[in-house]
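S.K.: Sequence:
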Amino acid sequence: MTQQAVNNDVAFLPGNPPENAGWPGGEYSQTVADGMQIDYNVRVPMRDGKNLLVDLYRPAETTTDLPVIVAWAPYGKHGALSFAGWPGHDVGLDQLSKYAAFETPDPLFWTRNGYAVIMADARGAWGSEGDVTMCGPEEADACCDLIEWAGEQDWSNGKVGMAGVSWYAVIQWAVAARRPAHLAAINPWEGWTDLYKEVLTHGGIPETQFGAALGPLIANTHGRVEDIPTNSMNHPFYDEYWQSKAPDLSAIELPTYVVASWSDHGLHTRGTLEGFRRIASKQSGWKCTAARSGRTSTTRTAWPAKGNSLTTSSRVKRIP
1 MTQQAVNNDV AFLPGNPPEN AGWPGGEYSQ TVADGMQIDY NVRVPMRDGK NLLVDLYRPA
61 ETTTDLPVIV AWAPYGKHGA LSFAGWPGHD VGLDQLSKYA AFETPDPLFW TRNGYAVIMA
121 DARGAWGSEG DVTMCGPEEA DACCDLIEWA GEQDWSNGKV GMAGVSWYAV IQWAVAARRP
181 AHLAAINPWE GWTDLYKEVL THGGIPETQF GAALGPLIAN THGRVEDIPT NSMNHPFYDE
241 YWQSKAPDLS AIELPTYVVA SWSDHGLHTR GTLEGFRRIA SKQSGWKCTA ARSGRTSTTR
301 TAWPAKGNSL TTSSRVKRIP
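The opening position of the sequence shown corresponds to residue 1 in the numbering used here, with each subsequent residue numbered one higher.
You may find that some hints are simply not true.
Claimed, not checked - Derived lysine to aspartate or glutamate pairs resembling DMTMM-like cross-links, with alpha carbons at most 20 angstroms apart:
id : residue 1 : residue 2
1  : LYS50     : ASP34
2  : LYS50     : ASP106
3  : LYS159    : GLU148
4  : LYS245    : ASP141
5  : LYS197    : GLU152
6  : LYS159    : ASP131
7  : LYS245    : GLU274
8  : LYS197    : GLU207
9  : LYS287    : GLU253
10 : LYS282    : GLU240
11 : LYS245    : ASP131
12 : LYS50     : GLU152
13 : LYS159    : ASP145
Stated by the list, open to error - Quick list of simulated restraints, FRET-style, between CB atoms:
id : residue 1 : residue 2 : range
14 : GLU152    : SER263    : 13 to 21 angstroms
15 : SER263    : ARG179    : 28 to 36 angstroms
16 : ASP239    : PHE109    : 38 to 46 angstroms
17 : ALA212    : ASP239    : 19 to 27 angstroms
18 : PRO24     : ASP94     : 42 to 50 angstroms
19 : ASP39     : GLY204    : 15 to 23 angstroms
20 : THR64     : GLN209    : 32 to 40 angstroms
21 : THR31     : GLU152    : 41 to 49 angstroms
22 : GLY204    : GLU61     : 51 to 59 angstroms
23 : ALA212    : ARG277    : 29 to 37 angstroms
24 : THR208    : ASN16     : 35 to 43 angstroms
25 : ARG278    : PRO24     : 34 to 42 angstroms
26 : PRO45     : ARG179    : 19 to 27 angstroms
27 : THR63     : GLN283    : 26 to 34 angstroms
In short, the hints are calculated from the structure, not lab data.
As the structure is a prediction and not an experimental result, all values here were calculated from the model.
For each residue, glycine too, the CB sits at the ideal point set by N, CA and C.
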């Protein structure tokens with residue numbers, strides 16, 4: 001089956017107009033606040049002529065030679081998902097700025113340490129054009145287009161990294177396996193590497209709740225949204241449709257810092273550890289936490305003997 005045949009066999013649902021979900025709109029604007037120059041709703045072209053919408057955060061006093069961190073997901077760069085909506089979190093909200101969306105790097109922290117930060121609405125999501133797909137080749141290609149765009153801007157030093165949790169992590173595996181020229185490092189924090197094996201049929205048992213629960217969170221689009229529950233029924237076995245969502249981890253050779261947690265068993269745990277085990281990077285490290293997204297009552301950090309150059313130092317280091 002060709003990739004075109006796979007695409008033609010995918011079920012989609014109509015999207016929920018973003019205006020109905022509190023979307024603030026896609027008009028470009030620029031401001032200076034909290035030591036940052038912020039460009040909202042920058043249009044970034046994709047290879048098919050459609051445009052992504054991204055928010056760009058830069059240190060106000062530094063205009064050139066900036067390394068870049070990209071965060072990509074369909075949840076809303078404007079903060080449609082917030083930390084406050086998740087009870088039981090251990091990280092105090094006073095430790096985060098108002099610019100930090102759920103599961104993303106905090107732009108205020110990173111700009112203060114000399115980085116530019118790009119918060120992107122995934123292809124099709126909110127104001128970005130196209131259809132929302134779930135970590136497949138179309139989405140990975142679009143994110144590669146953003147990586148290359150970021151590396152070629154006059155304010156960039158040409159080195160682009162990625163960071164984030166969950167979907168923000170899953171996309172990193174797919175992009176890194178494609179080896180875009182300007183991608184310098186990734187930090188996948190709790191992200192599956194094979195949707196079919198690690199989530200939807202974990203242990204050989206079909207999972208019927210995750211896709212249905214996730215659907216409304218990714219459905220805010222002017223286009224269509226991939227219908228995972230229907231596609232799971234239409235593709236019960238590991239065919240080319242699912243294979244297209246599982247990146248070639250052995251192709252990942254860049255520096256990688258992987259973070260896993262035991263609490264995500266059945267969702268991210270196996271895939272995150274498999275990702276670390278199977279990547280070909282000689283500069284990699286991993287950390288495993290006892291619970292999800294910040295609880296570190298029990299942690300384990302491993303530094304492999306295969307030439308790792310990362311450090312356990314808590315200091316922030318620019319990508320050289």
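S.K.: Against the 20 angstroms threshold, does the CA-CA distance of LYS245 and ASP131 hold or violate the hint?
M.R.: Given that 20 angstroms is the threshold and the Cα spacing comes to 16 angstroms, the pair holds.
S.K.: Honestly, do ASP239 and PHE109 meet the 38 to 46 angstroms range at C-beta?
M.R.: Because 43 angstroms falls inside the window, the suggested range holds.
S.K.: A range of 35 to 43 angstroms was offered for this pair. Does it hold for the Cβ distance of THR208 and ASN16?
M.R.: 22 angstroms, violated
S.K.: For a C-alpha distance cap of 20 angstroms, please report whether LYS197 and GLU207 respect it.
M.R.: 11 angstroms, holds
S.K.: Taking the beta carbons of SER263 and ARG179, is their distance inside 28 to 36 angstroms?
M.R.: Hint holds: Cβ distance 32 angstroms, inside 28 to 36 angstroms.
S.K.: Taking 20 angstroms as the top limit, are the C-alpha atoms of LYS159 and ASP131 close enough?
M.R.: 29 angstroms, violated
S.K.: Check the hint pairing LYS50 with ASP106 against an upper bound of 20 angstroms on the C-alpha distance.
M.R.: Distance ~28 angstroms between LYS50 and ASP106 Cα, so the pair is violated.
S.K.: Do the Cβ positions of GLU152 and SER263 conform to the proposed distance bound of 13 to 21 angstroms?
M.R.: 39 angstroms, violated
S.K.: For the pair THR64 and GLN209, does the Cβ-Cβ distance stay inside 32 to 40 angstroms?
M.R.: 48 angstroms, violated
S.K.: A range of 19 to 27 angstroms was offered for this pair. Does it hold for the Cβ distance of PRO45 and ARG179?
M.R.: 21 angstroms, holds
S.K.: Are the Cα atoms of LYS159 and ASP145 separated by 20 angstroms or less?
M.R.: 14 angstroms, holds
S.K.: Check the following: the C-beta atoms of GLY204 and GLU61 are separated by a distance inside 51 to 59 angstroms.
M.R.: About 56 angstroms separates the Cβ atoms of GLY204 and GLU61, which means 51 to 59 angstroms holds.
In summary, the structure is inconsistent with hints 1, 2, 5, 6, 10, 14, 18, 19, 20, 21, 24 from the numbered list given earlier, while agreeing with the others.
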